[in-house]
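**Q** Chain by chain, the residues:
2 protein chains.
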Amino acid sequence: MSLALDPAAQDLLFREARTANTFADEPVSDEQIQAIYDLVKYAPTAFNQSPLRVVLIRSEEARERLVPHMAEGNQAKTRTAPLVAILATDNEFHEELPELFPHFPQAKDVFFAERPARERSAALNGSLQAGYFLLGIRAAGLAAGPMTGFDFAGVQKEFLDDDHTPLMVVNIGKPGENAWYPRSPRLAYEQVVRTV
Amino acid sequence: MSLALDPAAQDLLFREARTANTFADEPVSDEQIQAIYDLVKYAPTAFNQSPLRVVLIRSEEARERLVPHMAEGNQAKTRTAPLVAILATDNEFHEELPELFPHFPQAKDVFFAERPARERSAALNGSLQAGYFLLGIRAAGLAAGPMTGFDFAGVQKEFLDDDHTPLMVVNIGKPGENAWYPRSPRLAYEQVVRTV
Numbered sequence: 001m002s003l004a005l006d007p008a009a010q011d012l013l014f015r016e017a018r019t020a021n022t023f024a025d026e027p028v029s030d031e032q033i034q035a036i037y038d039l040v041k042y043a044p045t046a047f048n049q050s051p052l053r054v055v056l057i058r059s060e061e062a063r064e065r066l067v068p069h070m071a072e073g074n075q076a077k078t079r080t081a082p083l084v085a086i087l088a089t090d091n092e093f094h095e096e097l098p099e100l101f102p103h104f105p106q107a108k109d110v111f112f113a114e115r116p117a118r119e120r121s122a123a124l125n126g127s128l129q130a131g132y133f134l135l136g137i138r139a140a141g142l143a144a145g146p147m148t149g150f151d152f153a154g155v156q157k158e159f160l161d162d163d164h165t166p167l168m169v170v171n172i173g174k175p176g177e178n179a180w181y182p183r184s185p186r187l188a189y190e191q192v193v194r195t196v
Numbered sequence: 001m002s003l004a005l006d007p008a009a010q011d012l013l014f015r016e017a018r019t020a021n022t023f024a025d026e027p028v029s030d031e032q033i034q035a036i037y038d039l040v041k042y043a044p045t046a047f048n049q050s051p052l053r054v055v056l057i058r059s060e061e062a063r064e065r066l067v068p069h070m071a072e073g074n075q076a077k078t079r080t081a082p083l084v085a086i087l088a089t090d091n092e093f094h095e096e097l098p099e100l101f102p103h104f105p106q107a108k109d110v111f112f113a114e115r116p117a118r119e120r121s122a123a124l125n126g127s128l129q130a131g132y133f134l135l136g137i138r139a140a141g142l143a144a145g146p147m148t149g150f151d152f153a154g155v156q157k158e159f160l161d162d163d164h165t166p167l168m169v170v171n172i173g174k175p176g177e178n179a180w181y182p183r184s185p186r187l188a189y190e191q192v193v194r195t196v
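Residue numbers (UniProt numbering), protein chains in the order written: chain F, 1 to 196; chain E, 1 to 196.
These are computed hints drawn from the structure, not numbers from a lab.
If you're wondering where the values come from, they're calculated on a predicted model, not measured in any experiment.
Among these hints, one or two may not hold up.
It does not matter which identical chain is used: a pair holds within one copy or between any two.
[To be verified] Here are the simulated SDA-like pairs of lysine to any residue, each with C-alpha atoms no more than 20 Å apart in a straight line:
id	residue 1	residue 2
1	K174	R186
2	K174	R115
3	K77	S2
4	K157	R18
5	K77	E114
6	K174	D162
7	K174	T22
8	K77	G176
9	K174	R58
10	K77	H103
11	K77	G154
12	K174	L3
13	K77	A46
14	K174	D25
15	K174	R63
With the rest of the complex left out, here is chain F (with noise of 0.2 Å):
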């Protein structure tokens, strides 16, 4: 069966595409980060919301605030990625929404007035929005590095504030030397899908 994707997409987003544990040492450049942000941004989410939010983290000041949080087997690598970048949601996701989804504006009241709704939402569509980010680090010929060992309060206080709540950081930048593991097995077809 052949997919409609050419081959080369396909090898460069998914198939040949690592997670990448050493980084090559040239810079990452924001007009990269704009690329990147302006193909995934038309990926779906519910209500066309948008509660992904990123922090580049640019400066050895900075980055010397992220580094502690990191569990220790992750801070070599995020001390020394071209760019490391937080993905966080934003909890407060709805005030956008009259603009986002013109369709239904009340969405905002109908469905968000709660913060436990938010909360809910924003985590599964920034979620998604970060899966989007991730194969768009790829699409743009980059590698990422996605890590969830680290310390999710610390990095909260240190960056973001009680409105929005980290969701993993991530390196970026082209793979440097024996940058990855050999690939680990996947789940065969028939235990993740069934028929009714």
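Let chain F serve as the given structure and place chain E on it in line with the hints.
**A** Structure of chain E alone, referenced to chain F:
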């Protein structure tokens, strides 16, 4: 700034792809779903975990059981889409970790011995995988219609069990007539990304 991904692939996955609300009368085969899964299974998750589960609604009887759980505005399209899939998480995904992440087989017990930790991880990583799956549907030249407007407890009770949590229901097929709204606005880069 140009991306490494071919412009036609950018259009297919992001720029021209749209969330479909109507579908053409053309079936979606198991082979297509398998090709989608066999592509997107390579996208990254924490510890290579694979909490996403997919229930394909193929029988008329199963569809009749699903439709009443959908929000009223989602019932007609759920009834008429060529194929409907429930995307869910397996909150007992940790059982597979020794096989899926052989570099650190202890992860199962060190990080995921407690159910709340598993649910948090399955929600994040299952949502990432759901996002990859939606883009995989587009990679197959099909349109996706993801929906979160349904009775989650009802769908769980009807099609899943206590260990599996619904994430979304997705209509899948070739787009039909007047399949989508005009494109809604997106947040500007400066509203989403900041640098420290």
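**Q** Against this structure, judge whether each hint is valid.
**A** Hint check:
1. K174 to R186: neither (25 Å within a copy, 28 Å between copies)
2. K174 to R115: For K174 and R115, the Cα distance exceeds 20 Å both inside one copy (39 Å) and across copies (37 Å).
3. K77 to S2: Neither: 37 Å inside a chain and 27 Å across chains, both beyond 20 Å.
4. K157 to R18: Neither: 31 Å inside a chain and 37 Å across chains, both beyond 20 Å.
5. K77 to E114: neither (39 Å within a copy, 28 Å between copies)
6. K174 to D162: neither (34 Å within a copy, 42 Å between copies)
7. K174 to T22: So K174 and T22 pass the 20 Å test inside one copy only (9 Å; across, 41 Å).
8. K77 to G176: within (11 Å within a copy, 47 Å between copies)
9. K174 to R58: For K174 and R58, the Cα distance is within 20 Å only inside one copy (16 Å; across copies 43 Å).
10. K77 to H103: between (44 Å within a copy, 18 Å between copies)
11. K77 to G154: within (19 Å within a copy, 44 Å between copies)
12. K174 to L3: between (28 Å within a copy, 14 Å between copies)
13. K77 to A46: between (34 Å within a copy, 16 Å between copies)
14. K174 to D25: within (8 Å within a copy, 44 Å between copies)
15. K174 to R63: within (19 Å within a copy, 46 Å between copies)
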